[in-house]
Each structure stands twice: as C-alpha cells, then as structure tokens.
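From just these sequences and the hints, can you work out the full model?
Residues per chain are reported as follows:
Number of protein chains: 4
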Amino acid sequence: MCRWMAYQGLPVYLESLLFKQEHSLIHQSLSARKSSVTVNADGFGLGWYDEREEPGLYHEILPAWSDSNLKSLAKHIKSGLFFAHVRASTGTETSRANCHPFGYKNWLFMHNGQIGGYEALRWQLDRLIPEHLYQERKGATDSELIFLLMIANGLETHAEQAIRVTLLQILDLMKDKNIDEPFRFTSVFSDGKRIIAVRFSSDDKAPSLYAKQFDDHIVIGSEPLDHRTDSWTLVPAGHIAYLENNHYHTHALFD
Amino acid sequence: MCRWMAYQGLPVYLESLLFKQEHSLIHQSLSARKSSVTVNADGFGLGWYDEREEPGLYHEILPAWSDSNLKSLAKHIKSGLFFAHVRASTGTETSRANCHPFGYKNWLFMHNGQIGGYEALRWQLDRLIPEHLYQERKGATDSELIFLLMIANGLETHAEQAIRVTLLQILDLMKDKNIDEPFRFTSVFSDGKRIIAVRFSSDDKAPSLYAKQFDDHIVIGSEPLDHRTDSWTLVPAGHIAYLENNHYHTHALFD
Amino acid sequence: MCRWMAYQGLPVYLESLLFKQEHSLIHQSLSARKSSVTVNADGFGLGWYDEREEPGLYHEILPAWSDSNLKSLAKHIKSGLFFAHVRASTGTETSRANCHPFGYKNWLFMHNGQIGGYEALRWQLDRLIPEHLYQERKGATDSELIFLLMIANGLETHAEQAIRVTLLQILDLMKDKNIDEPFRFTSVFSDGKRIIAVRFSSDDKAPSLYAKQFDDHIVIGSEPLDHRTDSWTLVPAGHIAYLENNHYHTHALFD
Amino acid sequence: MCRWMAYQGLPVYLESLLFKQEHSLIHQSLSARKSSVTVNADGFGLGWYDEREEPGLYHEILPAWSDSNLKSLAKHIKSGLFFAHVRASTGTETSRANCHPFGYKNWLFMHNGQIGGYEALRWQLDRLIPEHLYQERKGATDSELIFLLMIANGLETHAEQAIRVTLLQILDLMKDKNIDEPFRFTSVFSDGKRIIAVRFSSDDKAPSLYAKQFDDHIVIGSEPLDHRTDSWTLVPAGHIAYLENNHYHTHALFD
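Protein chains in written order, with UniProt numbering: chain A, 1 to 255; chain B, 1 to 255; chain C, 1 to 255; chain D, 1 to 255.
Be aware that one or more of the hints could be misleading.
Here are some chain A residues the structure puts well away from chain B; computed CB gaps all over 12 Å [stated by the list, open to error]:
no., residue
1, P11
2, F19
3, H27
4, S66
5, S95
6, K138
7, R228
8, F254
Which stretches of chain A does chain B cover? Using the computed rule of at least three CB atoms under 8 Å from a CB of chain B, they are [as the list claims (entries may be wrong)]:
no., region
9, 128-137
10, 168-181
Don't read these hints as lab results, they were simulated from the structure.
Keep in mind the model is a prediction, meaning the values are calculated, not measured.
Quick reminder that beta carbons are idealized off the backbone N, C-alpha and C, glycines included.
This is the structure we're talking about:
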C-alpha cells in the first residue's frame, strides 16, 4: 500500500511535516505501523500550492529517505496546501511518470489502493479516457487513469458527483469482467483552495484515512503522523471528507 | 534523430562495436556527423541474443557515455546478434520504458524516426492495439506502439507483410486526420536468427541506413561506424534489407 | 568545459533566467556557441537564497533539458540571488556529489575549469584539506577540493586573499610535480549577500566570463544569455568581479 | 546492515541464486530475518568472473527489487564465481561509487559492517592510502577504504596477513582516538580462483556469516538463502574461511 499526507493551513516549510514529526512520512517510508506492506521505496512525490495557479510538482524514483534534494527542497519550499506521497508499487514500473501526486491544471491527486484485476482491465479502462485528455496519460498506473476518468466525468465543476460516477463506472466494468478482487480507493484531491479526501472500498477493507485538526492547520493522511493514534479521527469507510479554511466535515459518499 | 546499430556474425564482446570503433555509437551519442540533431543523451539501450531464447535487454536513462555499467557489461557480454540504440527524444519522457530496443518474446525492435502529428494521433493509435497485446504497452513512445501494431499484424509469421500493413494503417490514419508532417521510419527487427531492417519515409527524407559486410560479420545502422563512408552501402529509401548467415540482400518494400 | 550563470537583483522565478532567455543555460547545455566542448549533460545543479540563512540546493545527474522536476521547480522557486550550473565532466563520475554548486554554511560555489594533472595531484591536494573540513569532502572533483581549500584559507572572513592564497598553493604544487598542463579557474562564490566571480588561468586561455547589468538585476556567467554578445562585458583574465546591490566592479586579482 | 552472498561452483545463471531461492537476496532486500535493520534499498551491486581476467561489475542506486535491468542481466549472465550485495547505508550517499562489490584488477571485495566513529576517523584513514592507489578511491565509504588499505598491505600476494595487518591498523587508530563504538567487519574477497571470507568484530556481535556446501557448488553469505537455517554452517566470529574447488575450510584469524 502507498502512504500519503495532505496539509492545509498556515504556510509552513514542508520539512515541518515531512521530516520533523515523530512518525513522519519519510520515516513511514522505511517501516509501517498500520499496514502490512513494509517498504515504500518505489518512488515518491510532492505537490504544493503557492502564488502561482498551477501547483509545483516533484517526483523521484529513489527512496524518499535517500534523496538529498528532498531534504533541501523541504527546507526551502513553504506552502499552505501541499501533498506528499511514498509509493509501494503494485506492479507497474518505478518511473517518475508513475509517481504521485498527479497534476492537471490547478488540480492535484494522489491515491492509495488499486483496481482489482487492473492488468486484465487496462485495455478497456484506457479506452474510457476521452481524446482531449489522452495526452495527459503519461504513465501506466491505475491511479493516473482514475484521475483522468474523474476529470472526464466533471471533477472540475462537480467533484463529488464525478467521483461517484467514476467509481461506479469502474465497478461496472469489473463486474462485466467477473473480477473478484476488490477495488480499493483512498485518495485526496485539491483545486488549490480546498482538499477533498475519499475512503472507499468495494469490500470491507478500505485503506485507512486519518485526519487531525490543529490550531492553525489540518492534516489528513493514510496514517497518523504521531503515535497518539487516538487523537486522530479515522474517516469511516465509504465517506468523503472536505477540508477548507481550517474546517473539516465528512459525509457518506453514497447514500 | 536517434542512432542505432545492429550486428550479426561471429560472437564478439559488445565493446568491440560499441567503444572500439573510430565512429562508435557511444562517440556518436556525443556528436553527430550525418544528422542535424547533435546530442543523443535521452537514454539508451542494448539487446543481445545468446543461448537463451529471449534476448537480454538493458535500458538506462543516463547518457550512454557516462554509464559506468555499460563499460563493464560491454566488456563481458558476448553475442553473435545484438542491437544498440542511443536516443534523442522527440518529446516523450526520458524513462527506461521509453528506451529502445523493445522486446517481445524472442523479438527485438528499434527505430529512428517519428509519426508526424503523433500527439494528435496517439488516442486513435493506441486503440489499434489489440487487448491481448495491451499489457506490453509500457511506455508512451510511437516506437513501442509501431512495434506492437506490427506484432498484431503478424510480424512473427509473415514479417514483411506485417510491416507493410502497419505502415499503411498509420499513413491512412494520418490522412484521415489531415496530418501534413511526414512519417519517417528507419528500423530494425530480429527474431534471434536474422535481422530485418527497413528504410522508409512518407516524404523524400527517409533517415539514413547504412550496411557493411566484413569477413565474419555484417553491421547495419543509422550511420557508418568508421569514417570511410564510401565503403558502406546506403540502403535506398523505401527498401527492406535482410541479414542472415553473413549474407545481405535488399529489395523495394512496396512495388 | 562547464557552463554556469549567477543572478543578483529583484527576486524572480528561476525559469525567467533558466528557460526564457534566447540563449538560456538549458539551451546552452545542448549546444555551445563559445566553447569547444559541445555537450553539458553530465549533471547539473541549482543553488538559491531566500529567507533562510543557508541556500537551497538541487543536484541531478540527468541532462538538465530532460529533468521534468527542474521545469516545475524553476516555475515555483523565486530568488534574488541564485546560481545554476550544467556540467561537462573532465573525468570524474556523473554523481550528485560531483555536481555544482557546492554549498558550505551560507556559502555557494561553482566553477568552470580544471587543475592540470589533477589525477596525479589528487593524493597531495586532498591532504591539504584540514581535518575539521574533511567531512565536507563528499565527491571526487577538483572543484569541491578547491572550494574546501579556499574555506580553509579564510574565504569566510577575507575572501579575496583566500582565493589568491589557494590559487598560489595549487600552482606551487603543480610546479613541484612538473605539471605542464594549465590550471584554469573561472568561478563564482556567494555568501548570500554579494557575488564574487574570478576569471583566472595559468596560461593565456582563461575560460570566458561575461557580465551584464540590467535595470533591476545583474547576471554573470560563462557565456552571454542572449545573442547580443557585444552588450555583455567580458571580464578580463586575471580579474575578480564583485556584484552587490545591483552594482558591479572588477579589478586585477594579483597586481 | 548490508546483506551479501557469494557463489563458487558449476557455472549457473545468476538468477538461480538471486531470484529463485525461497530466501533470495532480492527478497532479503525487502525484509530481513536475522538482522534488525529491515530495508536494504540504498543501492546494490554484482560482480562476476568469466573468461576475462577482470570481473564484470554492475552497480545501481535503485532498490534491487525494482531494477528491470537486473532481472534481464541475471537471466543472461552465467558465472562459476560471483558476488551480490544489497546495501543499507550507514550514512554515506546512495551513489554508484558507494555500491559494493568493489573491484581492483582481478579482485572483488564486499562487506557488511562498519568502522565505529568512521566520520571522525576518515581524515586520518584516507591518509593511510598510498599515493599509487589513491586514484582508486572513488567514493566515500569505509568499505572502499578498507579494501584499498588491504591492497596496500599486500592482499594480492599474502591475503591473510594483509587482512590481519589492516584490521589491527584500524583498531589502533580507533584506540588513539578513543572511539568506543565497535569495528564490525564481515566480508568476502576473491581473486577469481578462490573465495576468502572473514567474520570479525571488535565486540562480541560480529555480523553473521553462513556457508553451505551443495553437490556442485558452495554458497557463503550474510544470511542463509533458504529457511532451513540449521543446514547452514555459521562461521565462528574471528574466523576466516576459504572456498576453493568446491571445498571449504575455516580457521581462527588471529591466534
């Protein structure tokens, strides 16, 4: 399973979240507490918003803990809304094009989970990408594909509906092809203003999603960033969460 | 333009062709003589046949001249049929999945040229790949795509016809989309027994293709490997060449 | 020869100098105008000052033109004093530890040139590094070594004298060892406030060093960044230049 | 701690040891059984002997499990004496120059352990390398340093004595500098004919060293390659082992 975190609040240097937490993402990339896969060393990435409309993006195929550039960038880049992701590949190549977060215009997306039977479905899934978005298909992951389908289904104007439609579209295809493996999808989006996070699975094992509100910021991620796990809210499976202006609310994705 | 060479003959260490020629491919990667693009530093690759049925493959994103592994591998790998390629990207990412040669079962393929208007056509071209081959689509290049279409069109059983059919299929699509840019395609295939090379372009500027017969081997490539250019045969545009058992013949691809 | 540029003035996004000039460093890395070595693809680096005391550093072994991270970083990092460097190796490995600029506390350094007979002298030169600085010796280049010797000789408190002493120290050692090859050294330093650049060679072929004053900034570099070469000042060989508060002056290094 | 294995016997494809064992080195790189450090993802390397006098070398900074080249090379390279190593850095950079095995002429060397207080001693240790070997100092690890000191102390002509002298030389220096941390050194050498392995530590926690004799080959390594640990011989701490012509013997290094 991949691991990720997203931050919204007072602008801070990225290092304060990436390196200076007792259970920071960089530390997590070496050893996991809540997940059965123990190593996230198949590439990582950062996305951050600043004065420019489109977010900054940084992707690297080295393990996060051994990238000297990351240490310096995290000391010098300041942001009030940023994403970080450490990857454990479920099969596709370790290349920059396969690293999260994915960017499209002012949007960022990253993901933990997988489409069951993806290899068998990829031919049909890729055909769902409309022509005008196809040049954005740069890698081979199911994550990038899901993001493009959500954009095609209207993410920019009515995000929650686009997410629902896309999940159902993929589940339908899996059903047609008699895929028994689950579709697990815990993910986070942003347009630069708010953060939208989703915890979903077609079975009862949705990957974890934790949030915590601090005085001047909120953090949401696949795992808690400190060891007081009970001070973090576990977002219920099948729920969508919104983080905006340091507020946080959640509701069922499907009702 | 990319540069490449293929060797058939008495088994030799790869270094004898890759490093020890006065105009070797590694030297070419730094500065070109016959081409207007001067640097081939966007990844490179090797493919070689030995006792095993499937060829060995080595791809790297560093410039060929600065890869210390290449020097050692070329000193220790011996082969009687091998391919080498240095890439100058026409737009797609510098990643291993985009490096030539491409392999499929016992086949190798590499290529110099490009499909005019590829970005505009990629959506339609990718849809021509049949489902059973789609898992072989690992990168985003037109080269890998052309190879997969040729396999779909029967490369393994009737190579020459598969090549013709695929070229026409792509030209038809370009015509439908009113693409004015040319389709240039100088390429080389092998099944481990013989080498098939093609020099083709939809305009009158087919990338160069040179062959030379030595006592115990034949070399074919995008450029001569020594400075006696007039001792190399320039394969005519629109022709296909066969190299087998140290013999070499060529004929028009379309008549 | 390597190529580099340094900027001082109104804070700007790095891309305005790295990508948006008609003869930008990234373009130069592909093909040179003023230098006989044509490709600078053996790694590159950035160093930039912002609110923090120590500068940011970014080093990469890919050619600058094919690093997707560089494009995004240059769009999002803003600085009023920054360095950029594209490397053409004179023998040492293409690794991050060998990429310029080199950093030490609040100082940055980068360099074009080489110590004649460096391989033969490295054993003795490395022994000149004092024990307290030896942990800063991370790579194997002559450039990093020269920087450490200058720090040892007092760069932080009396820069110009430290530069002179170090150049003479190296020339003495070359003389002792009967090295006939020249010591060429065109370089730039900063403490975050001012830029110091040196154009020096033991023969009459000091690598070029050009400066140009604009309304709100100054640029100094190994080559002009636009094609109006005559609007750039060629710093005379054997001179040291100071850039501070948008002013620029130069005088002979030795008199 | 690093992990490594060495093979001597009937020539085999490297994959038979690297990938096809239930507890192969590639699997070990992801999760350890006998060691407290859990991830070996800071580079890896191969060294192998064939018809040529100098061994082949392959070093890579990606985790071993995600290097597509390694899979193909291991399928196509055959050897009767080879080394493989997966690295967990104890502080120095993840670069190819820091990856094991190290090569010198016909010799290979790799290592698990570390010199206590290495950072504090590096200045003095590097000064022990004689001038004629200094050009072989390409990285910054204690491992490369130890190998060069052993060569300086006569490894090529009287290996066992050179090993003893070097260990004592380093221990003396540590004593002079009042280093309390231990010097742990479990390592393996070859000249292409025989394998010499050493298990040593200045404290009572020498890193493990296991050997096993099969019908037509012997394997020695930091961990057993299968789960029948009791079928492997644990070389006693303070011992040196010799593997030659499919025979194996061991004796105390110091008496």
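Tested hints:
1. P11: Fine: 31 Å to the nearest Cβ keeps P11/A off the interface.
2. F19: The claim holds: F19/A sits with its nearest Cβ about 28 Å from chain B, beyond 12 Å.
3. H27: holds, 28 Å
4. S66: The claim stands: S66/A keeps its Cβ more than 12 Å from every Cβ of chain B (closest is about 18 Å).
5. S95: violated, 4 Å
6. K138: violated, 6 Å
7. R228: holds, 41 Å
8. F254: holds, 31 Å
9. 128-137: Result for this restraint: holds, n = 5.
10. 168-181: violated (count 0)
Checked against the numbered hints given earlier, the structure breaks hints 5, 6, 10 and satisfies all the rest.
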